[in-house]
Amino acid sequence: MINFEEEIKKFHPSLEIEDAEDAIYNQDMKDMVDVMLRMTRDSVLGTESTPAKK
Amino acid sequence: MYCYKCGCELGRADHCPNCGTDVRTYKKIIYTSNYMYNDGLEKAKVRDLSGAILSLKNAIWFYKDNLDARNLLGLVYYEIGETVAALSEWVISENINNDRAHRKDNPAVRYLKEVQQNRQVTENINTAIRRYNHAIECCYSGNLDVAVLELKKVLNLYPHYLRARQLLSLLYIQKRDYKIAERELQKCKKLDVNNTTTLRYLQEVEGVLRPSVSEERIRRRGTRERTGAEQLPGAENGVVKYTADNETIIQPVGSRKPGVDGFSIPGGIMGGLIGLIVGAALVAFLLMPARVQSIRKESADEVRSISAQLDTKDTTIADLQDQVSSLKAQQAKDAQENSDRAEATDDTRTANDNGLFATANAYINNASDNDTLTDVFVKVDPDTALSGASPEYTDLFNNLYAKLQSPMLERYAWDGINLYEGADPDYEKIISELVIANKYEDPNAWSMTYVERLWYLADSYNKAYNGMSKGDQEKSDYQENAKKYAQMVVANFPDSEYAVQSRQLLTDLGVDVSTLAAPAGTDNGGANGDTAAGTGTGDNAPAGGQQQTTTTTTTRTNTRQPAAQNANAVQAADQAAQNAAPAAQAAAQAAQNPAPAAPAADQAAQAADAAVAAQAQDAAQAAAANQAQAADQAANAAQNVDAAVGVEDQAAQAAAAAAAAQAAAQ
Chain G
1 MINFEEEIKK FHPSLEIEDA EDAIYNQDMK DMVDVMLRMT RDSVLGTEST PAKK
Chain L
55 MYCYKCGCEL GRADHCPNCG TDVRTYKKII YTSNYMYNDG LEKAKVRDLS GAILSLKNAI
115 WFYKDNLDAR NLLGLVYYEI GETVAALSEW VISENINNDR AHRKDNPAVR YLKEVQQNRQ
175 VTENINTAIR RYNHAIECCY SGNLDVAVLE LKKVLNLYPH YLRARQLLSL LYIQKRDYKI
235 AERELQKCKK LDVNNTTTLR YLQEVEGVLR PSVSEERIRR RGTRERTGAE QLPGAENGVV
295 KYTADNETII QPVGSRKPGV DGFSIPGGIM GGLIGLIVGA ALVAFLLMPA RVQSIRKESA
355 DEVRSISAQL DTKDTTIADL QDQVSSLKAQ QAKDAQENSD RAEATDDTRT ANDNGLFATA
415 NAYINNASDN DTLTDVFVKV DPDTALSGAS PEYTDLFNNL YAKLQSPMLE RYAWDGINLY
475 EGADPDYEKI ISELVIANKY EDPNAWSMTY VERLWYLADS YNKAYNGMSK GDQEKSDYQE
535 NAKKYAQMVV ANFPDSEYAV QSRQLLTDLG VDVSTLAAPA GTDNGGANGD TAAGTGTGDN
595 APAGGQQQTT TTTTTRTNTR QPAAQNANAV QAADQAAQNA APAAQAAAQA AQNPAPAAPA
655 ADQAAQAADA AVAAQAQDAA QAAAANQAQA ADQAANAAQN VDAAVGVEDQ AAQAAAAAAA
715 AQAAAQ
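Residue numbers (the working numbering), protein chains in the order written: chain G, 1 to 54; chain L, 55 to 720.
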């Protein structure tokens with residue numbers, strides 16, 4: 001049995017075209033490559049908790 | 055694939071050939087991203103847009119610079135109505151491509167251009183989004199009807215808007231319009247086949263509409279979440295109650311719904327066949343007769359008009375055929391007439407030729423046998439003999455005519471007169487004789503018996519006409535001829551005794567004698583030749599009972615040439631005749647003197663007559679020449695005049711000698 005109230009909450013207002021610019025700017029562009037690069041940099045340079053590799 | 059550090063193109067090695075960076079992990083990430091992209095592409099191809107979105111998002115999450123994944127994601131978003139998300143992905147894709155050292159052709163540019171260029175579509179999308187947001191607000195506030203209306207408008211503007219359609223389905227489910235909800239959810243399923251929300255709502259709706267199917271689904275899935283007697287939504291006491299459109303449907307659980315649910319293929323086919331048969335019967339018995347009737351009427355009208363045209367044409371053809379046959383008959387008649395005329399002409403020509411040659415032959419045999427000559431020469435028609443004749447023929451005719459004109463006139467004139475004055479006259483014969491005689495009459499110097507013959511002709515025609523039957527009278531022109539000859543008598547001889555009788559005849563025939571015209575000349579065959587009274591008594595009958603053969607001859611031309619061409623010669627001959635007349639009279643008077651002088655006078659008279667006759671013959675022969683000899687003829691006539699004058703002198707001298715002899719005798 002579908003709960004109407006619960007289901008309605010799943011429907012959110014849609015962004016208008018004028019708001020697309022903000023949506024683009026606010027988008028999280030981080031990907032696995034960035035994670036990998038960070039991991040690599042951290043391993044090379046080291047962090048406060050993780051000393052750099054020698 | 056390019057090195058993330060230096061941008062150099064990577065090969066199969068795990069290290070960058072340029073900077074030597076370890077790119078093994080980098081490559082694995084890229085491969086995984088590509089793998090995800092491929093998965094998303096496969097799902098998008100089968101319309102599993104929700105699954106495609108997940109896969110593509112994963113692909114982007116692994117490698118954000120995967121432009122293909124990003125572009126495809128934008129397309130999928132656009133397909134389900136998420137325009138803003140689609141535009142975001144394309145914009146990011148374009149920016150990533152622009153920032154790259156190795157740019158490639160990015161289709162996101164084209165997608166953006168197409169969306170932005172079509173202002174109407176952009177406007178519709180904006181309006182749809184606004185209405186959708188308003189519908190959500192209405193749902194929150196409990197105005198479901200308004201929300202439904204708004205969502206309907208949204209879907210009118212933007213039918214691909216999946217979330218709006220799902221919300222509308224939800225509202226229908228809430229309102230228990232399961233049928234409509236199912237319809238909308240089916241459309242959602244067409245858009246995105248594996249959308250979980252759509253599937254979930256469909257399951258809800260089918261559970262209500264087809265609980266047995268739903269039960270079986272649940273059993274097959276092994277779902278044990280439902281409690282109780284696995285009561286289906288809307289099922290109470292074994293009865294399912296729901297609304298479809300504006301109807302509330304109550305049916306027992308497990309019953310097959312009529313319509314779409316209870317629809318079986320064989321039954322459907324049978325129903326279709328029955329429908330076809332019923333439709334065909336309707337057409338055959340309701341529509342076809344009217345159509346056939348109208349077609350028959352049209353064809354009958356057309357046949358009628360064609361028949362009318364045919365009748366008209368038949369009439370025209372008949373008229374034309376009649377015209378053709380009458381023209382052919384006329385043509386044949388004209389040809390026959392022409393042939394007859396030609397034959398008649400030929401016959402006439404032949405008769406004239408034969409007559410003329412026979413006359414010439416008889417003349418050669420015996421020139422003085424006038425009886426034979428006139429018997430033969432009568433076959434020649436003086437009116438037609440010279441028509442188209444050669445000069446030699448004309449000369450022959452003229453010579454014979456000159457010789458025979460007087461005998462012909464004398465013979466046939468007296469024959470006709472004697473017949474008329476005889477007992478029991480045969481008027482046809484009289485007419486025949488007198489007509490022949492008139493052909494040889496001189497039109498310029500009528501003979502003594504001319505007026506008598508004219509009257510006899512008029513009277514004979516009249517009496518012959520009166521003796522005819524009614525039918526013959528209608529065809530005959532005898533009465534007209536009688537009038538003609540009587541008129542000629544009245545016009546030319548008004549003082550004669552025959553004029554009185556002619557006037558009476560004309561009055562009897564209904565002619566107004568007061569309006570008679572001037573004399574028209576002689577009848578047919580007006581002779582230009584000599585007139586000879588033969589042995590007839592003339593005006594100058596000799597005194598003393600002495601019969602004298604007085605031949606009142608004239609020095610006329612004896613030819614039948616046209617009068618205009620011979621006028622001068624004729625006039626000269628007339629003048630000579632007139633001049634010779636006193637000489638003849640003087641000779642006659644001299645003949646009345648005593649006997650001793652008589653022989654001399656007789657001789658003088660005879661000499662004068664002979665001289666005149668001879669000269670007349672000469673003049674006639676001269677005038678018998680062709681048209682070129684007209685001057686010669688005139689000269690000859692003048693000579694004749696001189697000769698006549700000389701004769702006159704001789705007669706006067708003879709008379710003077712006779713008077714001197716008488717005086718001497720006394």
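None of these hints come from the bench; they were simulated from the model. Some hints could be false.
Stated by the list, open to error - List of simulated lysine-lysine pairs, DSSO-like, C-alpha gap at most 30 Å: (1) G:Lys9 / L:Lys233; (2) G:Lys10 / L:Lys244; (3) L:Lys244 / L:Lys229; (4) G:Lys9 / L:Lys207; (5) L:Lys111 / L:Lys81; (6) L:Lys241 / L:Lys111; (7) L:Lys207 / L:Lys229; (8) L:Lys382 / L:Lys351; (9) L:Lys207 / G:Lys30; (10) L:Lys207 / G:Lys10; (11) L:Lys111 / G:Lys10; (12) G:Lys30 / L:Lys81; (13) G:Lys10 / G:Lys30; (14) L:Lys81 / G:Lys9; (15) L:Lys81 / G:Lys10.
Unchecked claim - With the C-beta cut set under 10 Å, the calculated list includes, among others, these residues of chain L facing chain G: (16) Tyr80; (17) Ser87; (18) Asn88; (19) Tyr89; (20) Glu96; (21) Val100; (22) Asp122; (23) Tyr132; (24) Gly135; (25) Leu141; (26) Ala182; (27) Leu253; (28) Tyr255; (29) Phe339; (30) Leu340.
None of the values given here were measured: they were computed from a predicted structure. Glycine included, C-beta positions come from ideal geometry on N, C-alpha and C.
- Message: Let me make sure I understand: some of the numbered hints might not hold for this structure. Which ones are they, in numerical order?
- Response: 8, 9, 14, 15, 18, 19, 20, 21, 22, 23, 27, 29, 30
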